[in-house]
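6 protein chains.
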Amino acid sequence: MLHVLLFFYFLVSSSHAAVQDFCVADLKAPQGPAGYSCKTPAKVTVDDFVYSGLGVAGNTSNFIKASINTAFADKFPGLNGLGLSMARVDLAPGGAIPMHSHPGASETLLVAKGSVIAAFVSSDNTVYSKTLKEGDIMVFPQGLLHFEVNTGRTPALIWVSFSSSNPGLQILSYALFRSSLPSELIEKTTFLDDDEVKRLKALLGGSG
Amino acid sequence: MLHVLLFFYFLVSSSHAAVQDFCVADLKAPQGPAGYSCKTPAKVTVDDFVYSGLGVAGNTSNFIKASINTAFADKFPGLNGLGLSMARVDLAPGGAIPMHSHPGASETLLVAKGSVIAAFVSSDNTVYSKTLKEGDIMVFPQGLLHFEVNTGRTPALIWVSFSSSNPGLQILSYALFRSSLPSELIEKTTFLDDDEVKRLKALLGGSG
Amino acid sequence: MLHVLLFFYFLVSSSHAAVQDFCVADLKAPQGPAGYSCKTPAKVTVDDFVYSGLGVAGNTSNFIKASINTAFADKFPGLNGLGLSMARVDLAPGGAIPMHSHPGASETLLVAKGSVIAAFVSSDNTVYSKTLKEGDIMVFPQGLLHFEVNTGRTPALIWVSFSSSNPGLQILSYALFRSSLPSELIEKTTFLDDDEVKRLKALLGGSG
Amino acid sequence: MLHVLLFFYFLVSSSHAAVQDFCVADLKAPQGPAGYSCKTPAKVTVDDFVYSGLGVAGNTSNFIKASINTAFADKFPGLNGLGLSMARVDLAPGGAIPMHSHPGASETLLVAKGSVIAAFVSSDNTVYSKTLKEGDIMVFPQGLLHFEVNTGRTPALIWVSFSSSNPGLQILSYALFRSSLPSELIEKTTFLDDDEVKRLKALLGGSG
Amino acid sequence: MLHVLLFFYFLVSSSHAAVQDFCVADLKAPQGPAGYSCKTPAKVTVDDFVYSGLGVAGNTSNFIKASINTAFADKFPGLNGLGLSMARVDLAPGGAIPMHSHPGASETLLVAKGSVIAAFVSSDNTVYSKTLKEGDIMVFPQGLLHFEVNTGRTPALIWVSFSSSNPGLQILSYALFRSSLPSELIEKTTFLDDDEVKRLKALLGGSG
Amino acid sequence: MLHVLLFFYFLVSSSHAAVQDFCVADLKAPQGPAGYSCKTPAKVTVDDFVYSGLGVAGNTSNFIKASINTAFADKFPGLNGLGLSMARVDLAPGGAIPMHSHPGASETLLVAKGSVIAAFVSSDNTVYSKTLKEGDIMVFPQGLLHFEVNTGRTPALIWVSFSSSNPGLQILSYALFRSSLPSELIEKTTFLDDDEVKRLKALLGGSG
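Chains as they are written, first to last, in the numbering used here: chain A, 3 to 210; chain B, 3 to 210; chain C, 3 to 210; chain D, 3 to 210; chain E, 3 to 210; chain F, 3 to 210.
FYI, nobody ran anything at the bench for these hints, they're computed from the structure. Accuracy of the hints is not assured; some may be wrong.
[To be verified] DSS-like mimics (lysine-lysine), calculated; alpha carbons at most 25 angstroms apart, straight line:
| hint | chain 1 | residue 1 | chain 2 | residue 2 |
| --- | --- | --- | --- | --- |
| 1 | F | K67 | E | K190 |
| 2 | A | K77 | B | K132 |
| 3 | C | K30 | F | K30 |
| 4 | F | K203 | E | K132 |
| 5 | B | K200 | D | K203 |
| 6 | D | K30 | B | K200 |
| 7 | B | K30 | C | K30 |
| 8 | B | K203 | D | K200 |
| 9 | E | K135 | C | K77 |
| 10 | F | K203 | E | K203 |
| 11 | A | K132 | B | K77 |
| 12 | A | K190 | C | K30 |
| 13 | E | K30 | C | K45 |
| 14 | F | K132 | E | K203 |
| 15 | A | K45 | D | K30 |
| 16 | B | K190 | D | K135 |
| 17 | A | K135 | C | K190 |
| 18 | E | K115 | C | K115 |
| 19 | B | K132 | D | K200 |
| 20 | A | K190 | C | K67 |
| 21 | D | K132 | F | K45 |
| 22 | E | K30 | A | K30 |
| 23 | F | K77 | D | K135 |
| 24 | B | K190 | D | K190 |
| 25 | B | K45 | A | K132 |
[To be verified] Some but not every residue of chain A turned toward chain B, in silico, with C-beta under 10 angstroms:
| hint | residue |
| --- | --- |
| 26 | V46 |
| 27 | S87 |
| 28 | R90 |
| 29 | S131 |
| 30 | K132 |
| 31 | L134 |
| 32 | K135 |
| 33 | I139 |
| 34 | F142 |
| 35 | F164 |
| 36 | L205 |
| 37 | S209 |
[As the list claims (entries may be wrong)] Non-contacting residues of chain E with respect to chain A, defined by C-beta distances greater than 12 angstroms in every case (computed):
| hint | residue |
| --- | --- |
| 38 | L84 |
| 39 | G96 |
| 40 | V129 |
It should be emphasised that the depicted structure is a prediction, and the values quoted were computed from it without experimental measurement. All residues carry an ideal CB built from backbone N, CA and C; glycine is no exception.
Isolated chain A, as found in the complex (with noise of 0.2 angstroms):
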């Protein structure tokens, strides 16, 4: 039995220390290139690796019959630094999740009910579009613009993943309408006549 105890002694004693198979956030803590500072080990509690704030249907009664639900780092601090994070969408009949794209990660997509048409635009303006069905997945590669919008009659449930526990979300109308960039700048650079940017930029917000 002593040998049993040296035996656990010099094991556990040499790997104790050097253990750091995650790094929870902690989101007090200062943030760096990589992520969130890492919570003391001592403090982790399984309930940093669960989230359940994404089992409730968002509210989809506004202007875009949708509603986004993230599950990043900033929520879910068991993510920092696995590169991976969520998302619950859902999507009236009628909905859409207006076109944007994320910075730092590619997306996979699974319709988990319902019908919605997905679609991306890669580099040379190339459109990939498609019909999903219940159980149907997609991906979108990093950084492109892409937009989902229910075609059914019911609403539509989607699980999002992504390839990063920060992944940014960048919804283009917005990035347009509703910050504080000058109209004119708006029409140099997308062509757009300045009667409509002045009609989106009062119905989004932007200021400018």
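Using the hints, position chains B, C, D, E and F against chain A.
The following block gives chains B, C, D, E and F in isolation, referenced to the frame of chain A:
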């Protein structure tokens, strides 16, 4: 109008050849450490980015009352090089995915239907275990042993995402008892006794 | 002297075969997620590491009074795998590089001649905009929308560097209006009105 | 001479502040996903880059007739962020390092003295096994189960290197039988029988 | 209008906290292997992404008739974590940047004015050398010795980009002769003779 | 029993094709920036993961009383893509490994026999030097100049590990004096005098 054409000429000519937003797997060309070779862009279609093979429940009429169906880059070539893949897990009541690890990827697990116990064990032998209900997500850090068991009375459906397009899958009892590892070496390196090793080799089909 | 020769024999023989300081692109061999295949080292010359194609000003007699000329790995094979590439931007007075993003790279922009307004928009719709003069450098983080406009009275010359040998280039209005995206989907996902979408499709050559 | 001084002034001033050739671990500052925070460069000495803790044979008077002594970044701070670490394994005749894996690293194993059987098992349950003699090197790809057994009549000394400064170490029978995993779940997910699970829990100190 | 507000509420609330498109260096907080800690996003301004320090020619009235002025993350904090940095090189006629390497980055060199000979040496002692004229770009693969010499009759201006926000800069003759390396060790490991080592130590200010 | 077979069918069929736990180098197929192409898994044997070429002491009857023998991926194909390689260094009394750097890797050095002085120089010309005895480990950060000298009275044996399967090896005096660099350019960029450059070119076999 001539100016417009000139404009197209310049921008398009300069960006066209350099486009490589993605690298759809050419399953017949050489693989490298970063993944499969890329299919010629001209032959890529939207179907390379869509996978429908996970839309149907797996057959759980088996020993473990469970099935795993993967969507890795070898089946879903659009994933190649994008750092993501997926799998579908079906668990009949009482079903279990055996203890396993993914040598090259972290994993998120989303319970779409039913209720499961999921757990992983860290390097210092701490168990992180939780009973998950519909809509819950759990994350398993890279390379650690983990499993899922359906503890409910109804079938469970789980969607799994990985931080690699080729995550690997090492099932513990298969590695030990369905391989050609000699019984003597298994016993010496796991402390299991000879009877048990031989029983499991017979059950699971090991040689050696 | 024999000793010297022996010395050479040992060190040179041991290091020679392992040398791979670079991986000059073989444009005809398979590509993978990490870039082009490597040219046989014996065929590599200094000319693979030198590119002269950006030495001449681009033609700005066009719609946007601008030109972009890229030096990505497809034209400058020595860059392959080294995480760098370049481009030259020429802007006549009033010229503009349209709103665009690089899906796979961050960018530095150096104003070599003239004066330009440059700006990018972040995920939370903040605009980072500045009038740059000769010698100023601005950095655009990966994947975010940005643009440059010559606000001076003289031609501007800009040198651009990317953190990838293959950064991609998605021009916003081309992705929307020079592609095959159906007008209805563009409108639904950008809130633009039908007249404007059709005007721009006609202008830029979109189908769909 | 003035020119020389001016020269020094320019080159040194421009390069000095940017120097960060290394990031010696500051074990008391926050950790992040990429490793420990860096010690202030001014406090770094050569001793941060040298480790003498593996110079003495480990005590093999134990249950497994073996010892592992690690030199990971927590003990050898100069390794931090450099993608390398080491360990020393001593095996008395008949000694064995139990079946284990490193979740975050590949490993090379060099037999410095003696003769050992080493093996790893791949995802498809293939066993790669070899009797190694003095001077032989074997490589274990990341995250796969492997072990070493001294099959000779003399003590064996093994030097191990890892592709991470923090590779982790999951010992299979510890994860199962020295943890708080409930016996029922172990049995369900490994197919081991109840008697054997309880015997090993008693032997190795498991709870649950 | 209420719907619009609700829409904003959902999308903005879900994406806001997770935004980390960039990690502007907080030069006073801890550094890690991946770079500086991030400045609080609320304090980031456009000036963090713009650097004007390279707009003026460096003083070349010195020993080497050359100056290097760097824009690494320590001076240009917006670069932190983005894998890019820059430098400006001024060379009077006959001026030279001494033989050096960047331990952590590849480099592109653009000749903006004048004419220079640039060269690097690979691991197998092959020299890749070229006389570059205005507008030419050369790339130096990571970690290899290289240099530039102004061979023209007019001052040369060179813009340099690196594949790291912190590339390092090891000047060969400084490492040898301006450091505390003992002469005996320099001689033994470079084959230089004692007189020459001592002459250069005196010239460049070495001790040891 | 049928159930067992079904079980095997499902799990094995789903995981089999996706398995790529390793990428053993196929030395005859194209290389890419991430390494060699992978050998067909069916042809991989344990011998691809074992290398015996470092078991014998190198010949130190030469100019530098030293030998280096490498185990990089070109000789030890199992290392390909795993971020590790090794080398054996033998040093007769008074022997020295000349000043050199590894452009693409950090290094650990373990003194297995004898006593050596090892040192590296950082970007700010600080020397990190130490006399190492048996069992000591030293780490050299990536890309920096370093060397080892046997200062004892007995042969020294050193085991070296690298953080890349293809680390490169640039020997300083070879790069300068055994290459085709013109004497004039060497002198201008190193401050060495003409006599010394010519003496070393004659000694080491340089042309140019």
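Evaluated hints:
Restraint check for F:K67 and E:K190: satisfied, since their Cα atoms lie roughly 11 angstroms apart, inside the 25 angstroms limit. About 18 angstroms separates the Cα atoms of A:K77 and B:K132, which keeps this hinted pair within 25 angstroms; it holds. Between C:K30 and F:K30, the direct Cα distance comes to roughly 17 angstroms. Compliance with the 25 angstroms bound is thereby established for this hinted pair. At most 25 angstroms may separate the alpha-carbon atoms for a hinted pair to count; F:K203 and E:K132 meet this at roughly 21 angstroms.
The hinted pair formed by B:K200 and D:K203 meets the criterion: a straight-line CA distance of about 20 angstroms does not exceed 25 angstroms. Pair hint D:K30 plus B:K200 does not hold up; C-alpha atoms about 49 angstroms apart against a cutoff of 25 angstroms. As the CA atoms of B:K30 and C:K30 are separated by approximately 17 angstroms, the hinted pair is consistent with the 25 angstroms bound. For a cut-off of 25 angstroms, the pair hint linking B:K203 to D:K200 stands: about 20 angstroms separates their Cα positions.
A threshold of 25 angstroms between alpha carbons decides the hint, and for E:K135 with C:K77 the separation of about 19 angstroms falls inside it, so the pair holds. Taken as a hint, the F:K203 and E:K203 pair is honoured in the structure, with Cα atoms around 22 angstroms apart against an allowance of 25 angstroms. For a cut-off of 25 angstroms, the pair hint linking A:K132 to B:K77 stands: about 18 angstroms separates their Cα positions. At most 25 angstroms may separate the alpha-carbon atoms for a hinted pair to count; A:K190 and C:K30 exceed this at roughly 39 angstroms.
A hinted pair counts as satisfied when its Cα atoms are at most 25 angstroms apart, and E:K30 with C:K45 does not qualify at roughly 49 angstroms. Taking the CA atoms of F:K132 and E:K203, the gap is about 21 angstroms. The hint holds against a cut of 25 angstroms. For the hint linking A:K45 to D:K30, the alpha-carbon distance of about 16 angstroms falls within 25 angstroms, and the restraint holds. Annotation: proposed proximity of B:K190 to D:K135 holds, straight-line Cα distance about 20 angstroms (limit 25 angstroms).
A C-alpha spacing of about 20 angstroms is found between A:K135 and C:K190, which places the hinted pair at or below 25 angstroms, so the restraint holds. Annotation: proposed proximity of E:K115 to C:K115 holds, straight-line Cα distance about 12 angstroms (limit 25 angstroms). Restraint check: the Cα-Cα separation between B:K132 and D:K200 comes to about 23 angstroms, which is no more than 25 angstroms; the hinted pair holds. Simply put, A:K190 and C:K67 have alpha-carbon atoms about 11 angstroms apart, close enough for the 25 angstroms limit, and the pair holds.
Restraint check for D:K132 and F:K45: satisfied, since their Cα atoms lie roughly 17 angstroms apart, inside the 25 angstroms limit. The straight-line distance between the Cα atoms of E:K30 and A:K30 is roughly 17 angstroms, inside the 25 angstroms bound, and the hint therefore holds. About 19 angstroms separates the Cα atoms of F:K77 and D:K135, which keeps this hinted pair within 25 angstroms; it holds. Restraint check for B:K190 and D:K190: the C-alpha separation of about 23 angstroms stays at or below 25 angstroms, so the hint holds.
Distance restraint check for B:K45 and A:K132: the Cα-Cα separation of roughly 17 angstroms lies within the 25 angstroms cut-off, and the hinted pair is therefore satisfied. Taken as an interface hint, A:V46 checks out: its beta carbon lies about 8 angstroms from the nearest beta carbon of chain B, inside 10 angstroms. Interface hint status for A:S87: upheld, as the beta-carbon distance to the closest one in chain B is roughly 8 angstroms, under 10 angstroms. Contact between A:R90 and chain B, as hinted, is supported at the beta carbon level, the nearest pair being about 8 angstroms apart and thus within 10 angstroms.
Look at A:S131: its Cβ gets to within about 6 angstroms of chain B, closer than 10 angstroms, so that hint holds up. Using the Cβ-Cβ criterion of 10 angstroms, the hint placing A:K132 at the interface with chain B is satisfied: the shortest such distance is roughly 5 angstroms. Interface restraint check: A:L134 against chain B, minimum CB-CB distance 7 angstroms, threshold 10 angstroms, status holds. At its closest, the beta carbon of A:K135 sits 7 angstroms from a beta carbon of chain B; the interface hint therefore holds under the 10 angstroms criterion.
A hinted interface residue such as A:I139 counts as satisfied when its beta carbon comes closer than 10 angstroms to some beta carbon of chain B; here the least separation is about 5 angstroms, so the hint holds. For the restraint placing A:F142 at the interface with chain B, the shortest Cβ-Cβ distance is roughly 8 angstroms, inside the 10 angstroms limit, so the hint holds. The interface hint given for A:F164 is met, as the beta carbon of that residue sits about 8 angstroms from the closest beta carbon of chain B, less than 10 angstroms. A hinted interface residue such as A:L205 counts as satisfied when its beta carbon comes closer than 10 angstroms to some beta carbon of chain B; here the least separation is about 30 angstroms, so the hint is violated.
Here the hint on A:S209 is broken, as its CB sits about 30 angstroms from the closest CB of chain B, past 10 angstroms. Non-interface status of E:L84 relative to chain A is broken: a Cβ of that chain comes within 12 angstroms, the nearest being about 8 angstroms off. No beta-carbon of chain A is positioned within 12 angstroms of the beta-carbon of E:G96; the least distance is around 41 angstroms. For E:V129, the requirement that its beta carbon stay farther than 12 angstroms from each beta carbon of chain A is met, with the minimum near 36 angstroms.
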